[in-house]
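Residue numbers (our numbering), protein chains in the order written: chain Z, 40 to 376; chain B, 40 to 376; chain C, 40 to 376; chain P, 40 to 376.
Treat the hints with care, since some could be wrong.
In silico lysine-lysine, BS3-like type, Cα no more than 27 Å apart, as pairs [unchecked claim]: (1) C:Lys362 / B:Lys82; (2) B:Lys41 / Z:Lys173; (3) Z:Lys82 / P:Lys42; (4) C:Lys362 / B:Lys92; (5) P:Lys150 / P:Lys173; (6) B:Lys86 / C:Lys86; (7) B:Lys86 / C:Lys42; (8) B:Lys42 / C:Lys86; (9) B:Lys82 / B:Lys150; (10) P:Lys182 / C:Lys273; (11) B:Lys92 / C:Lys273; (12) B:Lys41 / C:Lys55; (13) Z:Lys362 / B:Lys42; (14) Z:Lys42 / Z:Lys98; (15) B:Lys182 / P:Lys182; (16) P:Lys55 / Z:Lys42; (17) P:Lys82 / C:Lys288; (18) C:Lys273 / P:Lys55; (19) P:Lys92 / Z:Lys86; (20) P:Lys288 / P:Lys173; (21) P:Lys362 / Z:Lys86; (22) B:Lys173 / P:Lys288; (23) P:Lys371 / Z:Lys86; (24) Z:Lys288 / B:Lys41; (25) Z:Lys92 / P:Lys86; (26) B:Lys331 / C:Lys86; (27) P:Lys55 / Z:Lys41; (28) P:Lys371 / C:Lys362; (29) C:Lys42 / B:Lys82; (30) C:Lys288 / B:Lys331; (31) P:Lys371 / Z:Lys92; (32) C:Lys273 / B:Lys86; (33) P:Lys41 / C:Lys362; (34) Z:Lys82 / P:Lys41; (35) Z:Lys86 / P:Lys42; (36) B:Lys55 / C:Lys288.
Take a look, some chain C residues computed to stay more than 10 Å from chain B by CB distance [stated by the list, open to error]: (37) Leu172; (38) Leu177; (39) Asp299.
Since the hints were made in silico from the structure, they are not lab data. Cβ atoms here follow ideal geometry from the backbone N, Cα and C, with glycine treated the same way.
There are 4 protein chains.
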Amino acid sequence: MKKLKLGVIGTGRIGKVHIATMVQSVPQAELVAIADTNLVSAKEVAKNFGINKVFSNYKDVFNLPEVDAVAICSPTDTHAQYIIDAANVGKHIFCEKPIALSLDVIKGSLKAVEKAGVKLMIGFNRRFDPNFLKIKQLVAEGKIGDPHILKITSRDPTPPHPGYIEASGGMFMDMTIHDFDMARYITGSEVTEVFTKAAVLVDPEIGKAGDVDTAVILLTFTNGAIGVIDNSRKAVYGYDQRVEIFGSKGMLCADNNFPDNHFYFASDGVHRSLPLNFFMDRYIEAFTTEMKMFCNAVIKDLPLSESGNDGLVAVAVALAAKKSLLENRPVKLTEVL
Amino acid sequence: MKKLKLGVIGTGRIGKVHIATMVQSVPQAELVAIADTNLVSAKEVAKNFGINKVFSNYKDVFNLPEVDAVAICSPTDTHAQYIIDAANVGKHIFCEKPIALSLDVIKGSLKAVEKAGVKLMIGFNRRFDPNFLKIKQLVAEGKIGDPHILKITSRDPTPPHPGYIEASGGMFMDMTIHDFDMARYITGSEVTEVFTKAAVLVDPEIGKAGDVDTAVILLTFTNGAIGVIDNSRKAVYGYDQRVEIFGSKGMLCADNNFPDNHFYFASDGVHRSLPLNFFMDRYIEAFTTEMKMFCNAVIKDLPLSESGNDGLVAVAVALAAKKSLLENRPVKLTEVL
Amino acid sequence: MKKLKLGVIGTGRIGKVHIATMVQSVPQAELVAIADTNLVSAKEVAKNFGINKVFSNYKDVFNLPEVDAVAICSPTDTHAQYIIDAANVGKHIFCEKPIALSLDVIKGSLKAVEKAGVKLMIGFNRRFDPNFLKIKQLVAEGKIGDPHILKITSRDPTPPHPGYIEASGGMFMDMTIHDFDMARYITGSEVTEVFTKAAVLVDPEIGKAGDVDTAVILLTFTNGAIGVIDNSRKAVYGYDQRVEIFGSKGMLCADNNFPDNHFYFASDGVHRSLPLNFFMDRYIEAFTTEMKMFCNAVIKDLPLSESGNDGLVAVAVALAAKKSLLENRPVKLTEVL
Amino acid sequence: MKKLKLGVIGTGRIGKVHIATMVQSVPQAELVAIADTNLVSAKEVAKNFGINKVFSNYKDVFNLPEVDAVAICSPTDTHAQYIIDAANVGKHIFCEKPIALSLDVIKGSLKAVEKAGVKLMIGFNRRFDPNFLKIKQLVAEGKIGDPHILKITSRDPTPPHPGYIEASGGMFMDMTIHDFDMARYITGSEVTEVFTKAAVLVDPEIGKAGDVDTAVILLTFTNGAIGVIDNSRKAVYGYDQRVEIFGSKGMLCADNNFPDNHFYFASDGVHRSLPLNFFMDRYIEAFTTEMKMFCNAVIKDLPLSESGNDGLVAVAVALAAKKSLLENRPVKLTEVL
């Protein structure tokens with residue numbers, strides 16, 4: 040099989056995830072170069088994974104003729120420019136979400152991508168989780184008939200540092216954005232209106248940083264379905280990621296994953312392990328499938344399951360959610376998009 | 040044990056449920072008389088359950104000196120007047136929900152009850168379901184810490200006849216009213232604001248009757264928690280009644296009840312029975328516990344777990360939900376109450 | 040509907056179960072008389088359940104012309120004689136297990152029953168548990184194809200008093216006898232050979248009384264299937280009653296029943312309630328269905344699902360199990376029957 | 040970290056599993072050479088996994104000075120000799136089960152290992168399954184108190200070719216051997232006696248090859264516990280691998296693993312995916328943990344969790360099981376060991 044030669048920009052937490060995945064689990068990937076403004080970090084990662092070419096400037100990766108595609112894992116505020124630069128030198132692009140916090144900026148990147156005719160995939164890894172893939176497939180097969188009600192639970196085990204929050208664009212843009220994408224993916228329909236209730240219930244520091252940590256968000260869809268997402272920055276029992284979709288012919292639920300399937304019957308109750316506690320544990324298979332899909336799509340020139348437009352719309356829904364919260368009223372997507 | 044001598048008004052579906060419960064499962068209850076404007080129906084019920092005194096006029100039951108308490112199971116539009124009449128003759132009262140569709144009318148009944156010093160219990164039977172009782176108790180014990188997010192799923196197996204809908208006051212007043220009560224009961228907190236999205240997705244006839252059949256309702260509570268109720272008039276897999284409450288120290292979920300616990304592992308998947316399909320199957324134990332609680336409270340002069348005020352507030356939330364739907368905006372409870 | 044007029048002999052624990060069931064839950068039953076050598080106990084029971092005729096001598100019940108059928112709930116050593124006496128006066132008979140501890144004595148009773156042409160049902164109530172009924176039905180429908188492996192788990196929450204053990208005939212005759220019947224019922228096949236390993240692991244007093252408290256019993260069946268029963272007199276987590284049957288086309292499992300379906304996700308694990316702890320809680324529905332089946336069968340002259348032969352064979356398997364334990368070798372049923 | 044330099048002998052199904060694990064998932068392992076009498080197969084494997092040194096003669100691997108340890112994945116009848124040869128040149132040894140079909144031959148190998156002072160680990164990979172690891176750990180912590188009853192279910196999704204059966208030594212030696220090891224591992228106790236019932240219920244060809252395909256095997260342990268293993272060569276619903284252990288303070292159960300956690304509620308029942316169907320899917324994590332444990336133990340000179348004695352005793356129990364089947368009587372382990 041022809042391998043896809045890849046460069047990775049950014050060796051932070053998510054960069055390392057994609058690097059490890061490419062090296063260890065994606066036979067179609069050949070990681071040839073990485074870059075990070077923190078060259079010390081980049082060199083350590085390169086050593087651990089046996090990567091020969093390491094740079095501090097991302098352009099050095101983009102300019103390597105042997106590189107077929109790049110994975111942009113740098114901070115959010117660099118994504119849009121890097122997409123444009125990569126497109127301009129004809130590289131296919133995998134980019135972490137969100138593309139940017141501004142819709143105009145995103146639209147600018149997408150134009151460059153379209154003009155260059157390269158492929159762009161946004162890192163909505165949860166689409167490739169085996170549970171959600173199964174739900175998506177069964178909904179698409181008509182197993183539940185017409186979708187009526189969608190419920191997404193998405194709760195993190197621990198909140199990020201308040202310092203992280205400001206740069207991230209806030210909970211809707213950083214965390215719920217996955218759920219907004221999941222909502223469109225599972226229902227196969229577009230969001231038309233958003234209503235948000237949110238609060239600071241976990242940590243007052245989050246409130247001081249201008250964000251919320253608990254939210255329930257009501258969505259309406261073009262196909263008539265109604266959806267609800269609930270979020271918390273802190274579930275003491277672990278990473279809680281569930282989906283339920285109800286329709287005219289039935290209901291599909293995707294439960295959490297657990298580290299083992301033991302049950303302990305003691306005199307004080309029946310006990311089992313907590314759900315997997317970390318996004319890497321829960322989504323390790325999803326990250327691998329995602330990268331395989333990206334490599335296959337580029338190698339075989341296939342359409343991508345996550346397009347640049349998915350990245351744009353998810354941000355638009357996040358902006359509408361924020362606006363709804365601030366104005367305490369339902370906000371139509373057309374108001375922001 | 041001293042028995043409570045009871046009269047029942049109304050021998051329709053819910054009247055029969057309470058009559059059977061009193062006769063077969065509540066040792067503290069002695070059913071001495073029943074009344075129904077349809078005397079034929081009343082006489083048949085009396086015969087089946089061995090009740091000696093049968094009337095067509097409810098006042099004949101109220102005037103029996105040996106009757107300690109009455110259960111009002113007649114149509115909704117009679118509840119308020121019957122409560123007043125029963126209070127005026129000093130009978131304790133069990134009344135089916137809703138008390139009335141108008142808050143002023145309800146307040147009038149409650150004043151009569153207060154003046155007479157009799158006990159009034161409203162038929163929110165689900166409070167006595169073993170699953171919800173357990174959740175309530177564990178929340179009250181602080182097991183989840185401060186409540187943050189409440190989720191109630193309440194879906195019927197089949198919609199009522201469109202003819203029934205108009206008299207019932209619509210889905211919020213007839214069906215969701217149980218969930219509004221459950222929301223207050225589980226969180227131990229009052230609803231402050233309601234936002235509703237609803238649609239006619241099950242049967243256009245329901246829309247023609249002026250009602251909806253699918254809804255997602257967002258609630259905010261005085262204690263800061265956010266709640267969401269999802270309703271459907273038709274779940275093809277049966278009666279779906281679940282509660283989930285998430286807080287600072289954990290989460291509690293109450294699953295459905297199933298007719299048996301068999302699992303069938305075949306070559307095409309693992310299969311189990313559907314949840315119980317009918318409200319009487321799911322809540323049979325709840326109806327019994329409810330009536331025992333009522334009888335005990337009257338016999339021993341104990342406070343009631345469901346007061347007249349609960350009946351009033353649940354109707355107020357239903358009115359706010361309807362108003363929110365019509366005006367597509369969040370409605371504060373103070374706007375209607 | 041014509042009602043079956045019943046007399047009950049014995050007002051101990053199991054007698055009270057059947058009396059309560061007849062009075063409260065079986066519309067086809069009319070309990071007209073009870074007897075117990077302990078007349079004080081009998082009178083109290085009669086008062087509680089509103090029964091007019093109370094005797095100390097069982098024959099007084101048998102001689103009542105209005106009595107159609109009797110339920111024998113007296114100690115095991117009286118069963119055989121009472122069956123003969125009831126048959127001789129033409130009463131239909133429901134008798135608790137075991138009929139007797141001796142196969143010859145049992146055969147004598149069955150002969151009297153056959154001669155009299157009355158119906159005899161043995162109290163293998165577990166056959167009517169909704170879980171096991173479902174398994175039985177699905178096996179009979181061929182859902183698992185040919186049965187290959189049967190597994191029955193049957194563990195009590197607490198051991199009986201050592202004093203009880205001697206009169207009971209020991210664990211195989213008192214407790215495992217239900218499982219021996221279940222094995223034949225679920226597989227629809229006869230036991231041909233038994234091999235037993237057992238020990239005293241729960242309480243040395245049980246060993247001093249000449250019995251065991253822990254056992255694993257291997258069964259072979261005429262249809263080629265192999266079965267295994269595991270017993271304990273003490274499961275600290277409650278009453279553990281499960282069945283699994285595996286065949287050429289699949290597997291069926293029946294899990295325990297739980298008092299509620301709540302799940303508690305805390306920081307130290309996921310917790311749920313223990314299984315129901317008491318045989319009356321687990322099998323309350325089974326006792327009711329059993330008595331309804333008996334009444335229906337007598338009223339409508341239908342064949343019984345549990346015949347006298349079932350009572351005979353279950354005792355034979357228990358005897359073989361004991362013999363196998365004592366001789367540490369597989370014992371064929373033909374050696375004892 | 041110092042890496043362990045490994046050679047692998049045998050590139051059949053299980054050899055490929057270990058090779059892939061070493062290359063992709065065990066950072067402590069460096070695979071330097073492989074050998075297979077089928078050089079074509081070996082070369083293909085070497086190419087796929089980027090291994091430089093490939094031989095047809097296993098001794099060429101053993102003689103490489105840089106090789107620290109060897110993994111013996113060749114046919115069973117070569118294991119004993121290869122162990123001796125590897126020990127004689129001072130290599131540490133990982134060997135697939137069973138070491139040999141004869142206890143004397145096994146003892147000969149173990150003597151060579153002891154004399155050479157090298158480490159020997161037998162491939163009982165299931166010990167490293169997360170479910171069984173958890174059970175083992177909790178039993179060792181005393182969570183169930185004294186073990187009373189052990190139940191192991193082990194069923195394959197499809198039988199091997201009859202041709203395979205003869206070389207494998209039959210079901211007990213090839214398949215149940217894992218369960219015999221698991222029984223000792225979980226209980227932490229030795230088997231003293233075995234009683235076997237088995238039959239040919241899946242495929243008559245298996246019977247013609249002199250083997251059985253369905254078995255229930257009763258074990259007694261030195262600590263007083265009683266165990267039962269049930270096996271089938273064909274579970275149409277997939278690979279069924281469960282353990283249950285019951286003791287004085289509780290019960291632990293390990294359920295199967297499933298490919299996803301979706302539940303589908305349709306009008307005809309609730310459905311979920313089948314358990315994982317293939318040993319590699321179920322035990323992929325176990326194979327990785329096992330190889331990591333082996334590498335760590337050699338690198339850091341730690342004791343091994345699976346010793347050569349474990350390989351010896353498991354074969355002894357398999358021989359006793361076969362003898363018990365042939366003679367239809369319980370067989371003491373001392374009769375064969």
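Problem - Pair hint Lys288 (chain C) and Lys331 (chain B), alpha-carbon separation not exceeding 27 Å - result: With a Cα-Cα distance of about 48 Å, the restraint between Lys288 (chain C) and Lys331 (chain B) is violated, given a limit of 27 Å.
Exercise. Please work out if Lys182 (chain B) and Lys182 (chain P) have their alpha carbons no farther apart than 27 Å.
Key: Given pair Lys182 (chain B), Lys182 (chain P) holds - Cα atoms ~24 Å apart, limit 27 Å.
Hinted pair, alpha-carbon criterion (27 Å max): Lys371 (chain P), Lys362 (chain C). Please report holds or violated. It holds: about 20 Å lies between the C-alpha atoms, which stays within 27 Å.
Please verify whether Lys273 (chain C) and Lys86 (chain B) have alpha carbons no more than 27 Å apart. violated, 48 Å
Quiz item: Does Lys362 (chain Z) pair with Lys42 (chain B) here, judged by a C-alpha cut-off of 27 Å?
Solution: violated, 60 Å
Original post:
Does the no-contact call for Leu177 (chain C) survive, Cβ to all of chain B over 10 Å?
Top reply: violated, 6 Å
Problem - Pair hint Lys86 (chain Z) and Lys42 (chain P), alpha-carbon separation not exceeding 27 Å - result: Distance ~15 Å between Lys86 (chain Z) and Lys42 (chain P) Cα, so the pair holds.
*Restraint status (C-alpha distance of Lys362 (chain C) to Lys82 (chain B) at most 27 Å)*: It is violated: about 63 Å lies between the C-alpha atoms, which goes past 27 Å.
| Restraint status (C-alpha distance of Lys371 (chain P) to Lys86 (chain Z) at most 27 Å) | violated, 57 Å
Review point. Given the hint that Lys82 (chain Z) pairs with Lys41 (chain P), does the C-alpha gap stay at or below 27 Å?
Key: holds, 20 Å
Margin query: With the threshold set at 27 Å, check whether the alpha-carbon distance from Lys41 (chain P) to Lys362 (chain C) stays at or below it.
Written below: Cα-Cα ~62 Å, so violated.
Holds or violated: are the alpha carbons of Lys55 (chain B) and Lys288 (chain C) at most 27 Å from each other?
Distance of about 45 Å is beyond 27 Å: violated.
Checked against the numbered hints above, the structure violates hints 1, 2, 4, 5, 9, 11, 13, 17, 18, 21, 23, 24, 30, 31, 32, 33, 36, 37, 38 and 39; every other hint is satisfied.
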